[in-house]
Amino acid sequence: MVLTANIPALPFLSTEIFGSLLVLTFLPVSLVVLSVVLLSVLLVLLLGVTLVLLFVLLVVLPIITSVEFSAVTFWV
54 MVLTANIPAL PFLSTEIFGS LLVLTFLPVS LVVLSVVLLS VLLVLLLGVT LVLLFVLLVV
114 LPIITSVEFS AVTFWV
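Just remember that this note's numbering sits 53 ahead of the position in the sequence shown, which is counted from 1.
Everything labelled a hint here was simulated from the structure, so no lab data went into it. None of the values given here were measured: they were computed from a predicted structure. Where hints are given, some of them may not hold.
Claimed, not checked - For each label pair, taking beta carbons as the anchor points, the in silico distance ranges come out as:
no.	residue 1	residue 2	range
1	S83	P115	46 to 52 Å
2	V86	P115	39 to 45 Å
3	I117	V94	31 to 37 Å
4	F108	S88	39 to 45 Å
Here a beta-carbon is modelled for each residue, glycine too, at the ideal position from N, C-alpha and C.
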């Protein structure tokens, strides 16, 4: 009677242990994946900011300065 009462509890216990082991084994993997995703997002954002700064320095700033110089020479 005691054995038959404890046998149905064993699968739940084993799945609980297996589930916790599964969580423990997949937790570092998920942390690694999460950190890789966050680092790639930060890298893409940094690349985007760098490209925008380069665009401003190489394209917008010379246009502004040339317009400003032409306005100064026009008024003088």
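* **Violated hints - listed by number, lowest first** => 4
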